[in-house]
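Engineer: One line per chain: the protein sequences are A and B, in this order.
Just so we're aligned: 10 in the UniProt record's numbering is position 10 of the first sequence, and the numbers increase by one with no gaps anywhere.
Just so we're aligned: 372 in the UniProt record's numbering is position 372 of the second sequence, and the numbers increase by one with no gaps anywhere.
Just so you know, these hints were derived from the structure itself, not from any lab.
A portion of the hints provided could be inaccurate.
[What the hints assert, rightly or not] So, partial list: chain A residues that the calculated Cβ filter (under 10 Å) puts toward chain B:
#	residue
1	Val-23
2	Glu-121
3	Pro-122
4	Asn-143
[What the hints assert, rightly or not] Dumping the calculated DMTMM-like pairs for lysine to aspartate or glutamate here, alpha-carbon to alpha-carbon at most 20 Å:
#	chain 1	residue 1	chain 2	residue 2
5	B	Lys-121	A	Asp-43
6	B	Lys-36	B	Glu-156
7	A	Lys-146	B	Asp-116
8	A	Lys-3	B	Glu-714
9	A	Lys-3	B	Asp-299
10	B	Lys-171	B	Glu-156
11	A	Lys-3	B	Glu-585
12	B	Lys-188	B	Asp-115
13	B	Lys-36	A	Glu-117
14	B	Lys-183	B	Glu-306
Ideal Cβ positions, reconstructed from N, Cα and C, are used throughout, including at glycine.
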Amino acid sequence: MFKRQVTITVNGEARAVELEPRVLLAHLLREGLGLTGTHIGCDTTSCGACTVLVDGSAVKSCTMLAVQADGHEVRTVEGLTRASELHPVQEGFQEEHGLQCGFCTPGMMMSALALLERNPEPTEEEVRWALSGNLCRCTGYQNIVKAVLWAAAKLRPAGTGGVR
Amino acid sequence: MTRVDEIGIGGLGASRRRVEDARFIRGCGNYTDDIKLPGMLHMEVLRSPVAHARIKSIDTSAAWAIPGVRLVLTGEMAAQRNLAWMPTLSYDTQAVLATDKVRFQGQEVACVVADDPYTAKDGCEAIVVEYEQLPAIVNPTQALAPDAPLIRDDKEGQTDNVCYRWEVGDKAGTDRAFARADKVTRLKLHYPRSHPSPIECCGSIANYDPATGKLTVYMTSQAPHIIRAAVALVAELPEHLIRIVSPDIGGGFGNKVPVYPGYVCSILCSILLGKPVKWTEDKSGNLISTGFARDMYFDGELALREDGRILALRFHADTDQGAFFSDAQPSKFKIGLVHSAFACYDIPVGHITARGAYTNKAPGGVAYRCSFRVTEAMFFQERIIAAAAADLGMDPAEFRRVNLVRDDQFPYRTPFGFLTDSGQYRRCLDLGLDAIGYEDFLKDKEEARLRGRRLGIGISTMTEPLGAGNSREYDILGIKMFDSAELRVHPTGKAILRTGAKSQGQGHETTWAQIVSHELGIPAADVVVEEGDTDTAPFGMGTYASRSTPVAGAAVSMVSRKIRAKARKLAAHLLEVSEEDVEWELGRFFVRSAPNRGVTIQECAMAAYGNMPDGLEPGLENNAYYDPPNLTWPFACYLVIVEVDPETGVWDVLRVVAVDDCGVRINPMIVEGQITGGLTEAYAMSNMQFMTFDAEGNCVGSNYLDYLLPTAWETPGFELHEVVTPCPHHPIGAKGVGECAAVGGPAAFVNAVLDALSDTGVRNIDMPLLPDRVWEAITTGRDVSGAPPVKT
Chain A
1 MFKRQVTITV
11 NGEARAVELE
21 PRVLLAHLLR
31 EGLGLTGTHI
41 GCDTTSCGAC
51 TVLVDGSAVK
61 SCTMLAVQAD
71 GHEVRTVEGL
81 TRASELHPVQ
91 EGFQEEHGLQ
101 CGFCTPGMMM
111 SALALLERNP
121 EPTEEEVRWA
131 LSGNLCRCTG
141 YQNIVKAVLW
151 AAAKLRPAGT
161 GGVR
Chain B
1 MTRVDEIGIG
11 GLGASRRRVE
21 DARFIRGCGN
31 YTDDIKLPGM
41 LHMEVLRSPV
51 AHARIKSIDT
61 SAAWAIPGVR
71 LVLTGEMAAQ
81 RNLAWMPTLS
91 YDTQAVLATD
101 KVRFQGQEVA
111 CVVADDPYTA
121 KDGCEAIVVE
131 YEQLPAIVNP
141 TQALAPDAPL
151 IRDDKEGQTD
161 NVCYRWEVGD
171 KAGTDRAFAR
181 ADKVTRLKLH
191 YPRSHPSPIE
201 CCGSIANYDP
211 ATGKLTVYMT
221 SQAPHIIRAA
231 VALVAELPEH
241 LIRIVSPDIG
251 GGFGNKVPVY
261 PGYVCSILCS
271 ILLGKPVKWT
281 EDKSGNLIST
291 GFARDMYFDG
301 ELALREDGRI
311 LALRFHADTD
321 QGAFFSDAQP
331 SKFKIGLVHS
341 AFACYDIPVG
351 HITARGAYTN
361 KAPGGVAYRC
371 SFRVTEAMFF
381 QERIIAAAAA
391 DLGMDPAEFR
401 RVNLVRDDQF
411 PYRTPFGFLT
421 DSGQYRRCLD
431 LGLDAIGYED
441 FLKDKEEARL
451 RGRRLGIGIS
461 TMTEPLGAGN
471 SREYDILGIK
481 MFDSAELRVH
491 PTGKAILRTG
501 AKSQGQGHET
511 TWAQIVSHEL
521 GIPAADVVVE
531 EGDTDTAPFG
541 MGTYASRSTP
551 VAGAAVSMVS
561 RKIRAKARKL
571 AAHLLEVSEE
581 DVEWELGRFF
591 VRSAPNRGVT
601 IQECAMAAYG
611 NMPDGLEPGL
621 ENNAYYDPPN
631 LTWPFACYLV
641 IVEVDPETGV
651 WDVLRVVAVD
661 DCGVRINPMI
671 VEGQITGGLT
681 EAYAMSNMQF
691 MTFDAEGNCV
701 GSNYLDYLLP
711 TAWETPGFEL
721 HEVVTPCPHH
731 PIGAKGVGEC
741 AAVGGPAAFV
751 NAVLDALSDT
761 GVRNIDMPLL
771 PDRVWEAITT
781 GRDVSGAPPV
791 KT
């Protein structure tokens, strides 16, 4: 079958790959690049387990063709940790028991990151709205919301207020 | 000598942060679909587009012609290996790949193995199947009609669509009690069909090695040892050459207990090809073909005395079983533990009849976050309790208080033979009423009503049987429902623990270590926990039905105590005293007469390998198999306040209060996580989550746009409270908890909405309480029953 060459910056690293135009971004990340932290739950843009950031926006990678990401910047859960130091969003999920089976967690954290990058001080309601494209069957969301607010507080420069 | 601080070392009662999170938050989990073996091929399943049809022909030639396609497997080919059909966990049979007829939409018809998943899908699309459609039967009423077409014409002697009949209790005694009742409350309701729907679908990678004859299967199974036994028995492979591995599981909720055709096909394809074959189910495949839940019709009555006492109960339940009776339930009872209904109430006599019907719908009847049909039982219980209180003109909290089993009645034998052993039911109820401000709310509700606002409060109280189960009554394929643990303490006092359970988010890697810590004083951080690999884990029955803590957790305690017993001998040797003179405190043995002379458990561990007394075998490891003497009986009281908008039928949840008594809590943080998760599923069932079918048997709910799950936006907040009544027979006093809120919760939401409608004459709205159904009830003053109609 016809193949195309694409170059995508994934977690800061340029990756050149040859692929069929029908390959989904989620499959490229998981199968082609071995980044299995991005999960596939529903293949219909509903559950959000496959959420990654494309040029800073949260995108469900099961409904985006990999060729559409050509020349763009993609961030996945594997890019959250810097020099083996956890990102505050990751710490928040552990501290507040924001995960159980862990399957929705990478997508949930990427949606949370997209929120915090555009709104560093979200209210609980804003967190709930921002995460409403990500389904979790285990937690009941209460602790996920707390986890995101925990991360927001940690990310805020010292002296600008505590956890709301 | 400073004493070991149990909370400080992550023992019992510590809200220890979870060990498993470290990999999940880094995206380093190891789920089935993450596994890639060298030379691995990919399998895709072709499913039936119709619900009931005779297969006239299957033409696979075009699929074989696609480059990259390695195998096209049909039922006929499976039949040559005697694998076109398989036994179910309920002693029925189920088609692996259809040979004669398809009996539900989504049934497996063929599968294609190819070099990559895209090509395998291409292969499926190229298969041409000719169907001769038959009338579809989509509910028990149609199925049990005298002229209904026979769905299971494959079964010898089957002449109708009755799947089973079952009866329990004392009919004559119940009839006598009803004859002297002051009042009889009757309620009919439908608990709609649902699907557990973990976010991760099912999948497997079968790897048959022709050189060694060994079959390794990585799969999404909540019960890997049962799968190994089933593969050995069904596929007639030697059990010692079968290795089942359940890696990380992305949620189970009962969906991942049964054996599905996809697993079997991947195994057969790997054997035929001599290569690893991966099958990853897609969401619509998961929703339309794997184990559904509920779909039960109740019609029952309570006999009441004027003073509020319940004299007797009776009900009949018709269950829509789908095309194959494949309930994943190991009890001796045809309809699971439905006769645990009303166990928290002191009712002297009762009688239950039940009937299952085959229909052209997906098979299953799995225990979706519950113990074998208790969810349906407790929902009916709490709905008719609310209706009876209303009929008597009694406050529903007071009606419960009058009828709940008293603390001094334990152990209490229910009319259906269960033995409930502990609880403080009234205390839980009163704590819940206090927490929600019950008396004040009743006043607020009346005032709000005067201003045209409809507020309502719903209560649900229940005990349920968790932790199957004792070997007298529970088995799967003849294997009893015990569970197991194996503990190895290394020379430096660190340890590895393995159990026969399998976590899918319950946090066993964290909590099992806490039990070891509680028993031995070894810090939880020094204990690694492994589960899910049948080559290394001791034989166990897996994780479902809230059985892990009651059964495997008990085994963890028992094996730790065996280790302690041997360590005591080592301590006596090191302290140069006799064993009788050695006392234990957490983490340390000491000489009774000289408490300052002691040795730590870690020093004993080193001695087990380097300084053992004559006659004592080296090493410090052991295993324990635990057969629970009884089920555990947690109690819960859930209260919900809602506001219903009479103009639109939309209802908002204002408050949810939960009081759970699950005995001793190992890790309170994890217990609370289980409760908020369960409450969310309860809210979902009452509000939006259901699966329905049109007249042709098309499943409406094959994706998350039609099958609604709540998001963070609409899910309410939850207020949690606890009461602790230790389980008298569990080694650390724990009871199951994982499913309580999902079981007891739905009735609280429904009772709340109906309470807000109490002046309209409406007695029942069947779930889900969609706004149009609530609006219809308000405007007509009539009940709204049955599954919501399919909108086209």
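Engineer: Next, verify each hint and record whether it holds.
Structural biologist: Hint check results:
no.	hint	result
1	Val-23	holds (7 Å)
2	Glu-121	violated (18 Å)
3	Pro-122	violated (12 Å)
4	Asn-143	holds (6 Å)
5	Lys-121/B / Asp-43/A	holds (14 Å)
6	Lys-36/B / Glu-156/B	violated (43 Å)
7	Lys-146/A / Asp-116/B	violated (41 Å)
8	Lys-3/A / Glu-714/B	violated (44 Å)
9	Lys-3/A / Asp-299/B	violated (61 Å)
10	Lys-171/B / Glu-156/B	violated (32 Å)
11	Lys-3/A / Glu-585/B	violated (69 Å)
12	Lys-188/B / Asp-115/B	violated (53 Å)
13	Lys-36/B / Glu-117/A	violated (34 Å)
14	Lys-183/B / Glu-306/B	holds (7 Å)
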